[in-house]
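K.L.:
Top line first, the protein sequences correspond to chains A and B. Taking the working numbering, the leading residue of the first sequence gets 2, the next gets one more, and so forth. Taking the working numbering, the leading residue of the second sequence gets 213, the next gets one more, and so forth.
Derived by calculation from the structure, the hints in this document are not laboratory data. Quick reminder that beta carbons are idealized off the backbone N, C-alpha and C, glycines included. Incorrect hints may have been included.
Stated by the list, open to error - Partial selection, computed: residues in chain B whose CB lies under 8 Å from chain A:
1. Tyr370
2. Trp371
3. Pro373
4. Lys374
5. Glu375
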Amino acid sequence: MRSLQKTLVLYLTVLILSSCLSSSCRRHDRLINTSFYFWKTVYKTSKTESDYLNHLHSRKLYMRIMDVDMDESGSVPIPVSPISFQARLPDTVEMIPVVFIVNNILKITTHQQLDALAANIVRFVNGKVQHAGKASFNELQIDCDWTASTRENYFYLLEQLHKVKGLKGKPISATLRLHQLKNQKGSGIPPVNRAMLMCYNMGNLRKYGEQNSILEISELKKYLGDNLTSYPMPIDIGLPLFSWAVAFRNKEYIGIAKRISFDDLNNKNQFIFIKNNIYRAKTNLPDYGLKTNDEVRWENVSASNLQATATYLSPFIKADTVNVIYFHLDDATIKTYTYDNLQKTAHLFR
Amino acid sequence: MTTFKKLLICSVSLIICFFVEIAIDMACGGEVDPYDYYISFFHNNVQRTQEYEPFYFTSYKFLYDDDERVSEAEINSREWATYLGGGVKAADVQKAMYRLKGNADTALYVGYLAGKGSLPDSLKNNTFLQALPSNKSALKYYQFAKRVESIANVRFEYWDPKEMDTEGLKSAGEEALSNANTENDKFIKLRYLYQAQRLLHYGKNYEQAANVYDKYLVNYKTDSHVKGWALALNAGEKRRLKDTIQAAYLFSKVFAQYPERRIQAYRNYNYINVKSSQVLALANNKSEKAVIMAIDGFSNSELDNRSLKEVYHYEPTSDMVGVLLVREINKLEEYYLTPTLEGSPILLNSYYNKLADSTKLHAQNHMKQLNAFCEQLASEKKYPEYGLGKLAQAYMAWMQKDTKAGQAYMDALKDEKLSDKFNDQKQIIQLLLTAQGMQQYNEVNEAALLPSLKWLDAKVAHEVNVNTSSRDWGFYGQYPFAATARNFYQNIMAPAYLKQRDTSKAALAMLQGDATIKKVIEPSYQTIGFWQNYLHSSAINKLVAWKKSPPATPYLNFMTKKLVIYKTDDLYGLLGTAYLREHKYPEAAAALNMVNEKELNKFPTNFYDEKATGADPFISQMADYPKLLLKKGGKGYNKRQFAQAMVAYQKQIKANPKTAATGYFDMATAIYNTSTYGNAWYLISYDWSSTDYGRKSIYYYDADYIKTTYAEKLFLQARQLSTNAEFKAKCTFMAAKCKQKQIKLPSYSDFPDYNYTKLQDAEKLYDKAVRRNPYFTELQKSYGKTAYYKLAVNDCSYLRDFLKRTR
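Working from the sequences, and respecting the hints, build out all of it.
P.N.:
Pasting the structure below:
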């Protein structure tokens, strides 16, 4: 009798413990795929880039094929700055073509034009994919910051894309910006198979201040929550790896100074460090388009920031597989991140 | 009666009219013909050569014509034919080299040219292909050139993902270069070198391509145009390698020496967008400087004396001088002549507002300088067609209304031997000066003018030889003499006759200006508009008489020839309408009796049910809207029936004065209804527009059509003859409606500076005025107790507003 009780107690304890354990690790480990966006107009092989892809076991590369905007006459949509391939993609990397559609064209195109556009997009993408050395592709992504007024046309285009023979029923994904995630009533749900949530460019770029308009968790929190969990399709996560110098004159936004690097800002002959992420031009700097006393806000995404974001987002995601896609694959940009840091970020999504 | 209807009834939809006017002004603009959008008499093709036609003046296009004057294919084919000799025809070369379809080309390539098989039947007699195999170098080169077509001659299509095969182009270019270096035949060697440069260039290897040019081509001794094409490529390379000033300079050289690539060079020069002063610094001689300044001048649509003077200074014998001079004259026609010409209200393409003083001054200063230049041109006699100077001076004098000076310049040309085209232009200017010098158009002057008019007529007849209508868009832009004739008759002669109050001759002039094509005259909308709106019955009677029996005097006989296009029916219809407008009802009935019944019953469709039923103008309504067109079972009145009905009323009033009051009332109602506000406007107007509401008076019948003044008079007469208070109240109210229409509705076009504030102020005044209708006081005081008064107050919100104020 005593041994039976003992066994029972032991058994119950194990049961309770194991149930506790399993409830604390309630879900299985998620499968996390790390990928990158390639957003340049010329694809060349780069050792740095392939090293990163290898180390992070990235099997997919999301490549911008073209923008679509109206031609000079403003009447016909045409491909703008299409990518050209000076090298073939490595066999180990799968290519996912991305097409960026300028929202404004959706304001004036007719359904007939959108039918033609869908066919043209597929034909063009197919051609470019061949140039890249791939026989075909397994997913098409459309990137468009659609609004309430262009929603109808945009969704129509997406539906037409599904129907194009050249796409052969392959899944289509669409980028989703935070405001569209939050305001589903106004923005609607695009008729696609997956969405890619752009977790960047969330703050007010043009507002003078010390904010980080690229990525700031406090901003992110304003948009996310239940929205993410209840979104009616699997969501991938896009994270930023870029940085830039936002210029202000008399506290008014004057643009992004493309030629300024972080090193330039730390050049004491050119800039005075004010505080946090603000620098002031010491003299006229015509090469950067700045005048004396213009201010620059340096925005970047630190590894810790990335990781904090991943930690914050993870509980809201319900899918078993998550694609984490970094924007973007570029030597200078990614070199500032160690493999470790990027791996850790991905890991935090598990 | 709903509030909505009430609002419609008495309150003018200012806002609707305001926007509609603007919309109509913009929508009815239509597309402008870039070759005929200003009044011009100075033909741009007077020079001995048309090789610079792409650079003639038009503000609306970058190039006057987009096609190169000379064909590169023809030039190349000729070179090949000469080179091969032995009876090889250039046409055959061109056919084989440039004109074969893809599959024929391929068939040749793999068959005959490869030594396998014979020529297909279609090309059996092609002398070029026959001769080719016996010249081994040429054959080898030709095969190479055809082979690279697939990677080099690629048509650009936006949605074609295929890119230029840069790898293939590079290796092909290098192959061409190595072939060139082993080739001894100079003709072929040159072409291999050109291909080398070209293929490397197309593959974006600009430095390599430029090296080929610098090393082998720049000093190649040859007259072949291939050298020029290589130069053009080199200019492009310099451009892409950011040596932009040099690039522009090289393009200017291509422009000068290779007319088959002139437009290409011109476009590229302009895309590069460097200052001409920078390019001038690279010029080696005066000739090169002249070209650079000429390119500058060709792309300037503003008044510009500088380019002209400089080009003349550097190269006075160049035909480009003439082109620049004619450009300046044409610019003056657009900026100065067209706005200042006292056009009739029906000015062609009249987008022009009155000429601003500053613009006028600027143009006049420009003409002073231009005049000095022309003096120099004519006296120095360096420029081969120096007579152009005097012609320009004469014309500019005419533009500035200095007939005496103009004639003096013309006289100076008396002993000059001029080209046929110059003589034609001289005749045109003479006609203009003569007409300008006439104090008025009388029999003597008209007879003196006749020979020139006949000459012009013959010129137009000779010029127009196509199956088209003068109403087709772009017609007058293609036919300068037809445009000159039209401009003269409709913008100079017709207004002059109008000034002399000779409307019938003005009408003839308008019609005369419309071109006759193969014996068919299609009156323009300007002519039709003039005839429909500006002719009193007296003028039309003259026209009818002329049509019935052509006048004997040669001038009038000539001017009345085109009356054949109008049927007598049309003229009597016009006459009847004019009589109606003049309230001459018996005469109207008589004239309209001569018109085909079918024509008379062609009513316009109404906007309620889109039917063309006509209307009963005797229906009296308190409100203008909604219009009641017909009573139940009633029929629409055509013009004749209306005239007859009015005659009947007039007789009745005379015969039975007791019924005069109601008679006058009915007549007044009918006349009110012929206004734009009524249901039967078609009785006196050929058109109706919502913007007619309260517009300013333009036509002689606007007193009825817009202002309803006669209707008011008759309503008052009816009132005077009656003793019945209700009836008198009604007459007063109707008179009030008429009075309201005499207040002009403010419109944007009243203010030449489109001053919105002034418009708003004017609208406020209008709003006040309609609420202070003088008849309102009478209605209140004298008829305030009638039942009709109550109806009126209920109906008219302006009346109510008036009453509120006076309480």
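K.L.:
Could you run down the list of hints and mark each one as holding or not?
P.N.:
Structure-based check of all given hints:
The interface hint given for Tyr370 (chain B) holds, since its Cβ lies 4 Å from the closest Cβ of chain A, which is under the 8 Å cut-off. For Trp371 (chain B), the interface hint holds, the least distance from its beta-carbon to any beta-carbon of chain A being 4 Å, beneath 8 Å. Among the interface hints, the one on Pro373 (chain B) holds; its C-beta lies about 3 Å from the nearest C-beta in chain A, closer than the 8 Å criterion. Proximity of Lys374 (chain B) to chain A holds as hinted, the smallest CB-CB distance being about 6 Å (cut-off 8 Å).
Proximity of Glu375 (chain B) to chain A holds as hinted, the smallest CB-CB distance being about 6 Å (cut-off 8 Å).
Going down the numbered hints, you'll see the structure goes against none, and every one checks out.
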